[in-house]
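Trainee: The lines below spell out each chain.
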Amino acid sequence: MAKRDGTLTDPEPNRTEQPSELLRELVAHLRQNRTQLREEWVVRITETRLLTAMTKEEIFAEATSVYDSYVEALETEAFEALQAYARNLSERIIPRGVETHEVVGIVLLLRDVLARSLFAKYQNDFKKLNRILDAYEPAANRIANTVAVGFVQERERVIRQQQEAIRELSTPVLQVRERLLILPIIGVIDPQRARQLTEQLLRGIRTNRAKVVVIDITGVAAMDVTVANHLVQTVEASRLLGATVIVTGLSPEIAQTLVTIGVDLGKMNTVGDLQGGIEQAERLLGYKVETLAEPR
Amino acid sequence: MEVPILKQGAVLIATFQAALSDADLNLLRMGLVQQVVKFRSRAVIVDVTAMDVMDSFASRTLREIAHMIRLRGAETVIVGIQPEVAFAMVQLGLTLEGVATALDLEEGLAYLNEKFKTTN
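The listed protein sequences correspond, in order, to chains R and X.
Note that the numbering used here has the first sequence beginning at 1, numbered continuously upward.
Note that the numbering used here has the second sequence beginning at 1001, numbered continuously upward.
Think of the hints as simulated: they come from the structure by calculation, not from any bench.
Some hints here could point you the wrong way.
[Said to hold, decoys possible] Listed below are the simulated SDA-like cross-link pairs for lysine to any residue, each with C-alpha atoms no more than 25 Å apart in a straight line: (1) K1115/X / N208/R; (2) K288/R / T1118/X; (3) K128/R / L118/R; (4) K1117/X / E282/R; (5) K267/R / D1055/X.
Construct the entire structure; sequences and hints are all you get.
Mentor: Next comes the structure, spelled out in structure tokens:
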């Protein structure tokens, strides 16, 4: 406050400088000291143990391009290029396991490093420093914001993509005969997929008015206790809807899991393979399959 | 709200209209257990299609109804449990053990007809 009062009596010749001029001066300063500032930034990144998933050379290479885009964004005040760069960068580093806090961390570090260099440069001219910071800070914050938002958006995009992949992988509920559904399950079942399977099956029972369901888990190598319990719950829930469930193709490992969690085998109707399961289901439904002629 | 009990041949049908209070459930239990002998019914169907929530008291009452009716010499079928309700019940461990269930009223009647045929 006292300093601001001082400006009234101080005939400062540069007082009328436009913010854009200040930014231009700032950009020139950052361009001049590019090598040194970039180096300092990289040192700070390593010191704070950010981006541990990347090698030193990679950090340096990325830091160089981030620095240049940063300065360019300051100069042009156009953020589209930076936004595209941030998205591109996120695309490359997300699969490497880089976290949001790291990306935000490095951008804030760069902001601090540059601010420090401005302090050093204008330490004898406090008013000028103030004006330079006035111009620098909003732009710098906007850059940090843009990069962080870009990263988070990219991450969300990746997550959405994975969710879609899961949904596509999800298992169809198929009607093979009047009132008989089969549900072949292939691949790893995690709790989320298990829940989805159950929902689909129960809905399928209702819409197809199924009386018997064959769940084939030949394609499931192993199952943890949570999922095994879920399977048992699915069997019980299906019974509440009036449908009998036959589970087929239990691997020895899954049999072991079911025994370990102490499943009440009276409730579980299990048959060795899918064919046996369908035959059993046909018996339950009163079908009789006959060969009419010798197969040619 | 009291649950109406309809007589359909040898079967009594009780249809839940909406979520019921504990007192209503107790009334229903007494009504069914009395009427099953009064009308010499062979079976009771409880239709819960309209229930989108089934708490532990309702679930326990349904099981008690089924067991009491068996002791009175008839059979019970619970019909119309919604898929979401079914899974929620199982997760709470309310599996209605020893109680027959069917998809809807039609299925329940078909199940009983089948059963009457074999026992006749």
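Trainee: So, for every hint listed, does it hold in this structure?
Mentor: For each hint, the structure was consulted:
As the CA atoms of K1115/X and N208/R are separated by approximately 23 Å, the hinted pair is consistent with the 25 Å bound. For the given pair, K288/R sits about 19 Å from T1118/X by alpha-carbon distance, which is consistent with the 25 Å threshold. Taking the CA atoms of K128/R and L118/R, the gap is about 10 Å. The hint holds against a cut of 25 Å. Between K1117/X and E282/R, the direct Cα distance comes to roughly 21 Å. Compliance with the 25 Å bound is thereby established for this hinted pair.
Between the alpha carbons of K267/R and D1055/X the distance comes to roughly 23 Å, so the proposed pair stays at or under 25 Å and holds.
Going down the numbered hints, you'll see the structure goes against none, and every one checks out.
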